[in-house]
Amino acid sequence: MSRPIGPGRLAYLHIRLGVQQELQYRANFWVQVVNSAIALGVGIVAIAVVYLHTDSLAGWSPDELVTVLGVHLMVGGFLRAFVFPNMYKLMSDVEEGTLDYTLTRPADSQLLVSVREVELWSLIDVVSGAGVLVWAVSRLGDQVGVIHYLAFLVALICGSVILYCLWIVAATLAFKVVRVDNVMQMLSGIYDAGRWPVGVYPFWLRGGLTYLVPLAFAITVPAETISGRIDWPWLLVAVGFTVVAFVVARLVWLWGIRNYSGASA
Amino acid sequence: MTTENQFSLVRYYAAGARTGFQRDLQYRMATFMVLVGFLIEPVVYLSVWSAVARAQGGMVGGFDEGQLAAYYVVWTLVRVYNTAFDPKAWEWRIRQGRINTFLSQPVHMFHRDFSFFMGSKIAWTILWIPIAVVLTLVFRPSIEWHVVNVAAFAIAIWGGYAVRFLVLYVMGMINFWTTRGAAMFGIVSALELIFSGRLVPLQLLPDWAESISTWLPFRWTFQFPIEVLIGRLDATQIAAGIGYQAAWAAGLGLLFTVVWRRAIRRYEAVGN
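Top to bottom, those sequences are chains E and R.
Reminder that position 214 of the first sequence reads as 214 in the numbering used here, one-by-one numbering, no gaps.
Reminder that position 136 of the second sequence reads as 136 in the numbering used here, one-by-one numbering, no gaps.
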């Protein structure tokens with residue numbers, strides 16, 4: 001009997017398969033290039049118009065605000081490439097009763113439902129976001145050092161994990177109410193609020209965007225880190241929040257599959 | 001067209017609108033969630049521009065915080081009236097052969113879609129009211145109410161719907177020639193976002209950009225109805241704006257008629 005495949009290799013194999021499937025549709029690359037250019041262009045226009053009328057927005061300079069745009073594009077690209085397609089597949093599997101085929105496999109079900117689909121071309125947003133980020137950071141000069149780059153990596157990983165946890169918790173609701181696509185659409189809409197630092201928003205909204213839909217940790221904190229504005233305790237809070245989010249998501253997932261009776265039986 | 005035919009068309013519109021109304025009230029939770037999703041965008045813009053106004057001593061581009069709030073609260077209603085048949089949905093309609101059924105009917109599918117969305121807006125308006133109350137309590141918009149403005153708004157918001165519906169319908173015709181129209185729709189949507197007043201009131205754009213917006217249809221579908229209701233336009237400007245809407249609707253209607261004839265000649269039915 002061969003040894004079972006580890007979680008890392010299992011995820012790698014699924015993602016590789018997803019990438020190979022996407023490579024069949026190369027024309028979509030150009031559509032995505034245009035869409036990414038539009039998203040970037042609109043983001044830059046919005047920032048440029050704001051700074052036609054002011055020198056500082058909630059304490060952020062134009063170049064610092066461009067780092068928020070860069071992180072927003074990067075994390076958005078990650079969500080569209082890896083998280084959204086898997087969550088929509090999960091919801092449709094629950095609705096059609098085909099999730100049973102995944103749950104009966106001899107591997108962790110949460111891992112399996114999280115790596116089955118890849119929308120490769122959405123990674124173009126990650127590349128364009130990184131490009132914007134490099135440009136903005138190069139203009140910030142001495143206020144960014146090596147420690148900020150390292151901390152940025154930590155903050156970016158934490159932010160991506162937090163958003164994955166949020167989406168899998170929302171998708172897990174499908175076990176109870178089946179049609180949660182409107183909730184997912186609403187979350188996608190809320191994600192757009194991350195294009196601006198949460199400090200811009202009124203107090204009540206800032207609270208919601210920090211603890212309910214934690215865009216503060218997912219986008220603002222990484223942007224603050226890479227632009228050298230970070231209050232270091234916030235990075236620790238972000239790491240702690242990530243751990244809590246992951247544990248909660250895991251518990252919700254286990255609760256979901258315990259309550260799932262299957263629709264195909 | 002005979003009087004009998006005209007009467008039939010009115011009844012057809014009434015039936016189409018009733019169907020749209022009932023469909024969206026039947027799935028009111030789904031509709032409500034979409035409306036809540038619509039809220040995020042104006043709340044973000046309002047927060048950003050209120051922060052800018054505060055940094056500038058309370059005013060930006062001729063708007064104080066109360067007027068900005070008024071702009072973006074009315075924004076949410078105009079956004080509801082700006083929804084229309086998506087050009088991307090034409091691709092699905094053609095690919096699936098769904099238009100075959102409509103082509104065999106005695107009334108043009110334009111009337112079916114237009115009336116359906118009209119009815120749907122009535123349902124959405126009902127669900128929008130509690131949202132507007134909450135927004136008003138939270139953001140305290142300042143609007144000077146005038147009967148004339150409210151009456152003109154009732155015309156302008158439907159005029160805006162008609163123009164936007166036609167813009168999207170004409171764009172949808174592209175799908176008869178290519179299945180890769182998505183990139184083009186994305187570009188037009190981005191232009192619309194900037195030049196309609198949806199991203200930011202047009203007075204806050206540079207002068208040259210505001211001038212361009214006058215010659216595109218988008219301003220007349222979006223910012224114009226908002227400005228009518230919040231009282232930023234005088235009677236002459238309101239009359240001119242409704243004139244622009246009528247001109248765009250007539251021009252786009254004519255364009256649609258020409259393009260439709262060519263498109264339908266290219267179409268080959270597959271499947272049902």
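Quick caveat, the hints were computed from the structure, so don't treat them as lab data.
All values derive from a computational prediction rather than experimental measurement.
Incorrect hints may appear among the rest.
[As the list claims (entries may be wrong)] Heads up, incomplete: computed chain R residues facing chain E, CB under 8 Å, no partners named:
#1 30
#2 51
#3 60
#4 182
#5 200
#6 211
#7 252
#8 255
#9 258
#10 259
[Said to hold, decoys possible] Per label pair, the in silico range of CB-to-CB distance:
#11 R:178 / E:255: 24 to 34 Å
#12 E:250 / R:111: 49 to 59 Å
#13 R:144 / E:250: 30 to 40 Å
#14 E:207 / R:203: 31 to 41 Å
#15 R:144 / E:147: 46 to 56 Å
#16 E:176 / R:89: 23 to 33 Å
#17 R:178 / E:131: 27 to 37 Å
#18 E:102 / R:15: 28 to 38 Å
No residue lacks a Cβ here, since even glycine has one placed at the ideal position from N, Cα and C.
Results for each hint:
1. The restraint placing residue 30 (chain R) at the interface with chain E holds, with a minimum CB-CB distance near 5 Å, inside the 8 Å limit.
2. Interface restraint check for residue 51 (chain R): the shortest CB-CB distance to chain E comes to about 5 Å, inside 8 Å, so the restraint holds.
3. A distance limit of 8 Å between C-beta atoms decides the matter here; for residue 60 (chain R) the minimum to chain E is near 5 Å, and the interface restraint holds.
4. Proximity of residue 182 (chain R) to chain E holds as hinted, the smallest CB-CB distance being about 5 Å (cut-off 8 Å).
5. Hint status for residue 200 (chain R): holds, given a least beta-carbon distance of 6 Å to chain E, under 8 Å.
6. The beta carbon of residue 211 (chain R) is not positioned within 8 Å of any beta carbon in chain E (closest approach about 15 Å), and the interface hint is therefore violated.
7. The criterion of a C-beta within 8 Å of any C-beta in chain E is not met by residue 252 (chain R), whose closest approach is roughly 23 Å, and the hint is violated.
8. Interface hint status for residue 255 (chain R): violated, as the beta-carbon distance to the closest one in chain E is roughly 24 Å, over 8 Å.
9. Proximity of residue 258 (chain R) to chain E is violated relative to the hint, the smallest CB-CB distance being about 27 Å (cut-off 8 Å).
10. Against a cut-off of 8 Å between C-beta atoms, the interface hint on residue 259 (chain R) is violated, since the closest Cβ of chain E lies about 23 Å away.
11. A beta carbon spacing of about 47 Å between residue 178 (chain R) and residue 255 (chain E) contradicts the range 24 to 34 Å that was offered as a hint.
12. For the pair residue 250 (chain E) and residue 111 (chain R), the beta carbons lie near 53 Å from each other, so the given range of 49 to 59 Å is met.
13. Between residue 144 (chain R) and residue 250 (chain E) the beta carbon distance is about 55 Å. The supplied range of 30 to 40 Å is therefore violated.
14. For residue 207 (chain E) paired with residue 203 (chain R), a C-beta distance near 32 Å keeps the hint of 31 to 41 Å intact.
15. The hinted range of 46 to 56 Å is satisfied by residue 144 (chain R) and residue 147 (chain E), whose Cβ atoms lie roughly 54 Å apart.
16. Between residue 176 (chain E) and residue 89 (chain R) the C-beta distance comes to about 30 Å, which sits within the given range of 23 to 33 Å.
17. Residue 178 (chain R) and residue 131 (chain E) have their C-beta atoms about 29 Å apart, which keeps the hinted 27 to 37 Å range intact.
18. The beta-carbon spacing between residue 102 (chain E) and residue 15 (chain R), approximately 45 Å, falls outside the hinted interval of 28 to 38 Å.
In terms of the numbered hints stated before, the structure departs from hints 6, 7, 8, 9, 10, 11, 13, 18, listed from lowest to highest.
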